[in-house]
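Residue numbers (our numbering), protein chains in the order written: chain W, 1 to 99; chain G, 1001 to 1143.
Treat the hints with care, since some could be wrong.
[Said to hold, decoys possible] Pairs of lysine-lysine residues, derived as DSBU-like cross-links and limited to a Cα-Cα distance of at most 35 Å, are as follows:
{"hint": "1", "chain 1": "W", "residue 1": "Lys15", "chain 2": "G", "residue 2": "Lys1142"}
{"hint": "2", "chain 1": "W", "residue 1": "Lys72", "chain 2": "G", "residue 2": "Lys1142"}
{"hint": "3", "chain 1": "W", "residue 1": "Lys62", "chain 2": "G", "residue 2": "Lys1103"}
{"hint": "4", "chain 1": "W", "residue 1": "Lys62", "chain 2": "W", "residue 2": "Lys72"}
Think of the hints as simulated: they come from the structure by calculation, not from any bench.
Residue-level listing of the chains:
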Amino acid sequence: MVRGVRIDPEGLETKWLHRVLRRGARVLEIGSGDGRSARRFARYVRSLVGIDPDATQIERAKRLTPATLRRKVQFEVGDAERLRFTDRSFDVVVFSLSL
Amino acid sequence: MVHALTEAHRVVRQSGIVVDYRPDLDPGGRRAKPLELYCVYDGESIPAGHMIETPEYYGDYLSSNRAVQQVLRRELYTLVSSELVRPRVYFRSLDILKDYLAKQWTGTTLSREVERRLASLLRQHSGAIMVSELFRVNVLRKV
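Can you make the complete structure from the sequences, with help from the hints?
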């Protein structure tokens, strides 16, 4: 969130999610940045983990996520090429401008 | 990039979905359409030109296209759908846009000509700036 900037207020970025996500899906977002997309995705999913190599962005993502979402949406520093997660632990993986 | 798609294949369940969301490119490796700028006011929008991206910026996304093609050839995934979306970003002033370009969109610049045109339109209409960019959403299913 930057003062004076509104990113995709029409929600076009997330419209395609309706077709891709089942309610109750476990989602991994790679390249979650400051968590803007993750917070939008949250309403459609059971749980979401956002990873990003930039620790500053991860701290920002945590700070910007409201308390009501924190049990559902988590953020951590991570490398897309060395994921710490076990095999078959997600229903959906999203590369947000990160591939 | 292929490594990242291979890791995603490992952590996603059987028949799970991998979504690749990023700026669109044409087959020649240039963006299908550049980032367009508009002055918007009272429900109206006036074109003001487009941004200039660095070749490196395109290069990264071209490599991503190759990576997706490679994992499809290896039959790690099948392509379920590929579609375009055009989200918009609004900036309250030219200074805010320039600051954002310096700190966030570092692969993109504003030409002097477009900057002058935007400044003039904003003075005339007391509007805001809208940037529109074409994105591709590739949906892959794990085989």
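Legend entry - Hints breached by this structure: The structure breaks none of the hints.
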